[in-house]
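Using the sequences and the accompanying hints, generate a full structural model.
Chains as they are written, first to last, in my numbering: chain A, 1 to 211; chain B, 1 to 211.
Calculated from the structure, these hints are not laboratory results.
Heads up, the list lumps identical chains together, so a pair's fine if it works in one copy or across two of them.
Below, computed lysine-lysine pairings styled on DSS-like, alpha-carbon distance capped at 27 Å:
1. K147 x K205
2. K147 x K55
3. K202 x K148
4. K195 x K147
5. K148 x K136
6. K202 x K31
7. K136 x K147
8. K207 x K195
9. K31 x K12
10. K55 x K94
11. K207 x K31
12. K131 x K195
13. K31 x K94
14. K202 x K86
15. K195 x K205
16. K131 x K147
17. K55 x K194
18. K55 x K148
19. K194 x K148
20. K195 x K55
21. K131 x K194
22. K55 x K31
There are 2 protein chains.
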Amino acid sequence: MGHKQNIGATMKIYDYPAPNAQKVKIFAHEKDITIEYIQVDLLNHELRTPEMLSKNPMGTVPFLELEDGEIIRESRAIIEYLEGIKDSPNMLGKDPLEKARIHEIDRLAELGLMIELAHYVHNISPFFADKGPQSKEAAEMALNCYKKNLQILEDSITGEEFLIFDRPTVADCTLFSTFTFAESIGVTSQNSFKKIMSWHEKFGKRKSAES
Amino acid sequence: MGHKQNIGATMKIYDYPAPNAQKVKIFAHEKDITIEYIQVDLLNHELRTPEMLSKNPMGTVPFLELEDGEIIRESRAIIEYLEGIKDSPNMLGKDPLEKARIHEIDRLAELGLMIELAHYVHNISPFFADKGPQSKEAAEMALNCYKKNLQILEDSITGEEFLIFDRPTVADCTLFSTFTFAESIGVTSQNSFKKIMSWHEKFGKRKSAES
Numbered sequence: 001m002g003h004k005q006n007i008g009a010t011m012k013i014y015d016y017p018a019p020n021a022q023k024v025k026i027f028a029h030e031k032d033i034t035i036e037y038i039q040v041d042l043l044n045h046e047l048r049t050p051e052m053l054s055k056n057p058m059g060t061v062p063f064l065e066l067e068d069g070e071i072i073r074e075s076r077a078i079i080e081y082l083e084g085i086k087d088s089p090n091m092l093g094k095d096p097l098e099k100a101r102i103h104e105i106d107r108l109a110e111l112g113l114m115i116e117l118a119h120y121v122h123n124i125s126p127f128f129a130d131k132g133p134q135s136k137e138a139a140e141m142a143l144n145c146y147k148k149n150l151q152i153l154e155d156s157i158t159g160e161e162f163l164i165f166d167r168p169t170v171a172d173c174t175l176f177s178t179f180t181f182a183e184s185i186g187v188t189s190q191n192s193f194k195k196i197m198s199w200h201e202k203f204g205k206r207k208s209a210e211s
Numbered sequence: 001m002g003h004k005q006n007i008g009a010t011m012k013i014y015d016y017p018a019p020n021a022q023k024v025k026i027f028a029h030e031k032d033i034t035i036e037y038i039q040v041d042l043l044n045h046e047l048r049t050p051e052m053l054s055k056n057p058m059g060t061v062p063f064l065e066l067e068d069g070e071i072i073r074e075s076r077a078i079i080e081y082l083e084g085i086k087d088s089p090n091m092l093g094k095d096p097l098e099k100a101r102i103h104e105i106d107r108l109a110e111l112g113l114m115i116e117l118a119h120y121v122h123n124i125s126p127f128f129a130d131k132g133p134q135s136k137e138a139a140e141m142a143l144n145c146y147k148k149n150l151q152i153l154e155d156s157i158t159g160e161e162f163l164i165f166d167r168p169t170v171a172d173c174t175l176f177s178t179f180t181f182a183e184s185i186g187v188t189s190q191n192s193f194k195k196i197m198s199w200h201e202k203f204g205k206r207k208s209a210e211s
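Here it is as structure tokens:
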């Protein structure tokens, strides 16, 4: 690993109820990796304190603090790290073709759905008004893309219980947290897709989905 | 691999001069993997022919066709596949912490820069007018985010010759293709960052950068 591990110490994730943080928590739960979660009062700018900015200058959650103090920011980087330190159950692919298939659907869930929802909310929510000029047109374009990509997702589900293969993968974590986010901002377009909803009901019964 | 390989056949990539396609080509070139590139006349809707849609229903490039006819769509999925079939030179990380560090900066380049540029151009170019309602405010917001993330990138470069470590990684491929894209649409904000420009000049002298 090239850095010191303290035996008995626990990794910490700085956490907030948001899609990328939930994605990481579901992933860690499915892998049965013990992590201490530290809730950050994001709305009251707790990420902007000098102590927090010294840990993560980007001012975002989630970020992972290793036992030796190393910080890993960025949800997908944290997931790569967790898969790297515990390879069972495999959630990123066992061979090149599995890796490719999992990435195809994970990217569709993230770039095609989660990010479109983020653009939608950035353009309508007063909370994001300081990010730049908001526009109703941009919000509408994002929702249009979200709906179009839902159809592509519906046609891409190949698993019986999970999105793909016969086991949970990162794509299930990404999609479940995306729909939690959609519900929280009042977007319901996903409810009219049969395979998507069947998957959502099944995955929602897993312990990890309570993360 | 679970699927048949035809000896002597060559993988094909369906290609067009766009950032995700260039990213994959630079990556394959750095790994010295032989691929046949098939140019697609995207502007004349060649991706919408029945033959093309039977290969890739998403109607996007790049996509990879394996020797046995399997299709891998989505640039990041293709990159995972290529890394999986040829592990040298390693470009996605040799251990969990390397994987995390490479993903951190690759995600910053893609989500923080390339996707913001895409949003910018989607909101100003007549070519994308049918995607949804365009807005100048959305274009301005995207450019604001692009500039803010350039500063974070400038502060994140830790390599001497490459973005990180002492070898090319996927992050170099992503960033180089992002700046090719930026130049093509007339965005020059990146030019005022010293470490970024020094990196760009060095990477631009590599053979792969001609991809």
